[in-house]
Amino acid sequence: MADYVQKKRKELFLFGEQLSVLDVRSFYYLKKELGRSVRNSNELLYDAGKDAVQKMQSSFVKFLGDSARVLMSDPENALNEFVEVLNYLGLGEISIPESGLKTIKFVVRHSAEAQEYVNLKERSKSPVCYALAGIFAGVCEGILQNPVECKETRCIACGEEVCEFVIPSGDDIILTRGGGDDRQGHKA
Amino acid sequence: MIDKDIKHEVIIEDGKTTIAGQRAMLLSVKTIATQQKELERLVGEKWGEVVYEAERKAIQEAALQIFGLKQLDSFTKGKTFDKKRMVDTLVDIFNCAGYGVLKLKKFDEKKPYALVTMEKSTIPQEYEKRNSPVCFRVAGILAGGAEAVFMVPMKCKETKCMSMGDSHCEFEISRR
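So the sequences go chain by chain: F and S. Each residue of the first sequence is one higher than the last, beginning at 984 in my numbering. Each residue of the second sequence is one higher than the last, beginning at 17 in my numbering.
Please keep in mind that the hints were generated in silico from the structure rather than gathered at the bench. By construction, the Cβ of each residue, glycine as well, lies at the ideal position given by its N, Cα and C atoms. Wrong hints could be hidden among the right ones.
Which bits of chain S does chain F cover? Going by a derived footprint, with three or more residues having C-beta under 8 Å, they are [as the list claims (entries may be wrong)]:
1. 125-133
2. 176-189
Each computed DSS-like pair below joins lysine-lysine, with the alpha-carbon atoms no more than 25 Å apart [what the hints assert, rightly or not]:
3. F:LYS1014 x S:LYS86
4. S:LYS145 x F:LYS1015
5. F:LYS1038 x S:LYS136
6. S:LYS145 x S:LYS62
7. F:LYS1038 x S:LYS173
8. S:LYS136 x F:LYS1015
9. F:LYS991 x S:LYS122
10. F:LYS990 x S:LYS86
11. F:LYS993 x S:LYS119
12. F:LYS1038 x S:LYS145
13. F:LYS1015 x S:LYS119
14. S:LYS62 x F:LYS990
15. S:LYS136 x F:LYS990
16. F:LYS993 x S:LYS62
17. S:LYS86 x F:LYS1104
18. S:LYS121 x F:LYS1015
With the rest of the complex left out, here is chain F:
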């Protein structure tokens, strides 16, 4: 895993792509500014998270070549590997508490997306980690090669201890987006 992240002088690269640093506060303020300027800003964040991961997965495949194909042929192993990569990006401490791919659950401690709410003692009525939900959806879509949606079911911004994200099993996918109540859902 250490080979995926490279340091050249003071700069960081992941799969050969340069990384930039964002203070978590700027993510918090950006979300607030977006909320004022853009309708459906939460959907924008979700899609942005998904897009970011899809780019990352493309870079990953290019970077690793044949090794990537071998890895991706074992979805559960690939999922664990991607989670390890995400843990290098400072999004929070991410884990998958249960094995198997039927219903996938991600648990995040110290979510970067929600952290500032906690720091400012700002309690949200609904989960706020839309970008993270999009990221997890993007990871799973890339590995499972099937469209999925991810919903945040617990959030530290709501006073919970951790953030939790669920991707329902294929049998009863409900097309909801991100966390919170602003979802449109229907059965696939």
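Knowing the structure of chain F, use the given hints to seat chain S on it.
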């Protein structure tokens, strides 16, 4: 006031990333540029202001914390600060952040005013040549950092940008 032990580089540990003791995230430059373009498509010219303000507020708070200060008017408590040293610290931290190589060209503590250039700018390289600058995120970072240094509201304007065909990016920082 400035902790000599604060590391200016990015540290990744147990799912948390920090720079100069401040919690941070890492995003690919390509992703940042894509998100900026999408925001520009959605809200037009206003996109720059959205990004700028978010960064300005965030980095003002981060820089104040780095310097062990609570708010902008802390200097009125009779303390004096080595502002040039504060600026050098922030420039050094910025140069670990993956946006480009910042150099301080002019610095006037009394005005207050600063002129900085940024070479090898990473985000502009993700754009086709255009008529307007794109480094609003960096401008916001510089404005927020300047506020923590000069202790008054500051603004930053990008006057040259590699996305416009200039050889480097340039920013003017002055009182708001």
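Those earlier numbered hints the structure runs against, lowest number first:
The structure conflicts with hints 1, 2, 4, 7, 8, 9, 10, 13, 14, 16, 18, although it agrees with all the remaining ones.
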